[in-house]
Amino acid sequence: MVAVAHDESSYAPPAEVGEEELYHPKTFLGKYIWSQDAKIIGIQYAVTALAVGLVALALSGIMRLQLAFPNSFAFITPSNYLQFVTMHGLIMVVYLLTALFLGGFGNYLIPLMIGARDMAFPILNMLSYWTYLLAVVLLMATFFVPGGATGAGWTLYPPQAILQGTPGAGWGITLTLVSLGIFIIGFTMGGMNYVVTVLQLRTRGMTLMRLPLTIWGIFMATILALLAFPALFVSAIMMLMDHTLGTSFFVPAVVSRGQHLDFNGGSPILFQHLFWFFGHPEVYIVALPAFGIVSDLISTHARKNIFGYRMMVWAIVAIGGLSFVVWAHHMFVSGMNPYFGFFFATTTLIIAIPTAMKVYNWTVTLWRGDIHFTVPMLFSIGFIFTFLNGGLSGLFLGNVPVDLPLSHTLFVVAHFHMVMAVSPVLVLFGAIYHWYPKITGRMLDDTMGKVHFWITFVGAYCIFFPMHYLGYLGVPRRYYAMENTGFIPESAYALNVGITVAALIVGAVQLLFLYNLVWSYFKGKPSGSNPWRATTLEWQTEHTPPHHGNFGEALPVVYRWAYDYSVPGAKEDFIPQNQPPASAGTGGGGTSR
Amino acid sequence: MTSLFVLTAIMAVAVFWLLRQTVHVKPWVEDGPHKVVPPQASFSVPPVKVGLGVFLAVATSLFALMISAYFVRMMVGDWNSLVFPSVLWLNTGLLILSDVAMRSARRAARGADTERVRNALMAAGVCSFAFLVGQVWAWQQLNASGYFATADGAGAVAASPANAFFYLFTALHGLHLLGGLWVWGRTTAKVWGGVELARVRLSVELCTLYWHYLLLVWLVLFALLTPAVSELCRGRLF
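Going down the list, the protein sequences come from chains A and B.
Just so it is clear: in the first sequence, position 146 is 146 by our numbering, and no numbers are missing.
In our numbering, each number is its position in the second sequence, counted from 1, plus 1000.
There could be a bad hint or two in this list.
Said to hold, decoys possible - When the alpha-carbon atoms are kept at most 30 Å apart in a straight line, the in silico DSBU-like pairs for lysine-lysine are as follows:
no., chain 1, residue 1, chain 2, residue 2
1, A, K571, A, K525
2, A, K31, A, K525
3, B, K1190, A, K26
4, A, K571, A, K31
5, A, K523, A, K571
6, A, K450, A, K525
7, B, K1049, A, K571
8, B, K1049, B, K1190
9, B, K1049, A, K31
Just so you know, these hints were derived from the structure itself, not from any lab.
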């Protein structure tokens, strides 16, 4: 390697986009409530999402109680049960996972990791959060309106979603649709920010191929969301028109309670197409940020560069593209032309290729790494297990003839909870343990973290693994109770009790996690600026937590990719992205690896 | 299917761009110093312009999905073509005029002719508002002749899904135009307030782009709604 004089200008030509002007708040309200700082907005998103997630967690506990001990709780009527199922799904998928990954981590991490001072459009960013909050408030309000929340299932299929007889068919469904529409408007404002910020505000030297995979995952997921959410938006508006104006987009001629309704000719299948055109990419909107984050966690805590970085990037892009052409595999039971079924089954199975590439690369990254069993690492390894598990059962369900008998059973519940509920949530926990020190300046308590991990991970297996078996037996999902059902053996009821006990324990241990969040904020061990000895830019800030504007006087200049761990010959086992190449003699790995 | 084609097109552009950026790059190899910080980290266009581009992609997805829904709903037996409000022809003319005026504002802004920017912007705004008024009038025409969107139990004649789509299309297109007019209002106010032309040039530029886009969308929607074309689609497609 040639020795080079450290003349800053030889590395860093002037940025083409000038530094943005920052908004400087003067009051407490301006700083923490109506904040335009992406970090504060990220925390606002995260706290709101976690709060609403707690509601959904409580709902799942109630559902489990009913399934294990039917007829024991007076307050769980069949209608309530359906409402709880619906709200649990809607909240978890849209209002918790999407909002926490993209709104929370996206806002906090994008500017810091790409070396920007803030998002491209801070005012729009602020509006995005407040719009999201309004959507959450409206959704929560449906619990208290006449008729209660909608019980149509999170997929909201018409005609039952808007006809009398379904719980919440009046106010409940109306407010839910409005809330979804508002959520999408808010998300679009935020999503434009994330995309433009990643494209335009990267610091000098941060090429696309030097971006940490976390950013790649969030970036691609945002693009998916921006293109897929309009499908939900259109279907929400059209269903709202069917419901309030009496149009017939989705509702065919119906006889309800002996009366001919005024609907005519609408197509429920049309709704299903629109819904799943959003619904399937939604799985990857949740999964891609998790893929990205877990790649960084594994690389950092195994002190080893991520295996196959370029392949990882292209796998993310390929999964994103493919996710738009598989939606009808959710509709095999609705009936379709066999050629369509063949097409969608094939595309579904093809997705397994880039996904498996990622799993291999994570495993190979761990292989002979200097693995530190920190709490984030434990959650990352847990994720590989649950994700692989859920992915394999997905291969079963992607085949039409296997899907048909299993579709309405607990097998599907087990599958999607493994692959898109437990897996991303494990990554979320790992990410919170990983970045909490940067956000607060204190470490989360390690012992509480390990207890939290083991109970959550083993508990999740106790909940969802037996569910595959129950589904295989034919135990149906969405049912309030299964009395006098001949084909379901006694042992299935016993298993249901076991699952519920596990679920309640897992639910309770999340309170320990919340306690840890609060306790560590005041009493946690001070973390210093880079406790994990990580390479990415957010750990190289002048202050921890980073001040408004993220970096000090000058923005960092990036000289290398994000994965220079255990470089042969280097002094430390990590080289930060903003460390200039060493001149001859001081090491720094001048050869290709 | 329409939306799939549109999405494929959007994706193809993105993937092609990504390929050029990434495929030959080996980030794990430490390059010579001249390559350590490649100069082109970003596009050399303002972030707002990229932002508008992203928004137009979102809007395209929205309209394409609505048009797909329109095609699917056409298949059902109860379909009747829209009773076409004739005022739509006039409205289309107005929107074209406003687009032409926007264009002329952009040209004037590039040539630093403040007077013409002012007049052209005003003309564009007036024509756009006239277009919106015309659209509401079209709603009135339909409503007056008993073609409200719904099947109100009394008259079966009112039940027409094509009308429902007409209301949906025009409402969403109108809302997008209103959003554009808000930006137009801020820009025009600045120009009339005597702000330096260089500081509004970008806004005028973006408005022009947005007006082009909305005109294009309207022309597609307009064509699809005309009875001749919708009958043709129905015959051809199904």
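Here is what the structure says about each hint:
Among the hinted pairs, K571/A with K525/A is consistent with the structure: their alpha-carbon atoms are about 27 Å apart, no more than 30 Å. Note on K31/A and K525/A: the hinted pairing holds, with a Cα-Cα distance of about 26 Å set against a maximum of 30 Å. Taken as a hint, the K1190/B and K26/A pair is honoured in the structure, with Cα atoms around 27 Å apart against an allowance of 30 Å. With a CA separation close to 41 Å, the supplied pair K571/A and K31/A exceeds the 30 Å bound.
Taking the CA atoms of K523/A and K571/A, the gap is near 33 Å; set against the 30 Å cutoff, the hint is violated. A C-alpha spacing of about 16 Å is found between K450/A and K525/A, which places the hinted pair at or below 30 Å, so the restraint holds. Taken as a hint, the K1049/B and K571/A pair is broken in the structure, with Cα atoms around 44 Å apart against an allowance of 30 Å. Simply put, K1049/B and K1190/B have alpha-carbon atoms about 19 Å apart, close enough for the 30 Å limit, and the pair holds.
For a cut-off of 30 Å, the pair hint linking K1049/B to K31/A stands: about 28 Å separates their Cα positions.
This entry does not satisfy hints 4, 5, 7, going by the numbered hints stated previously.
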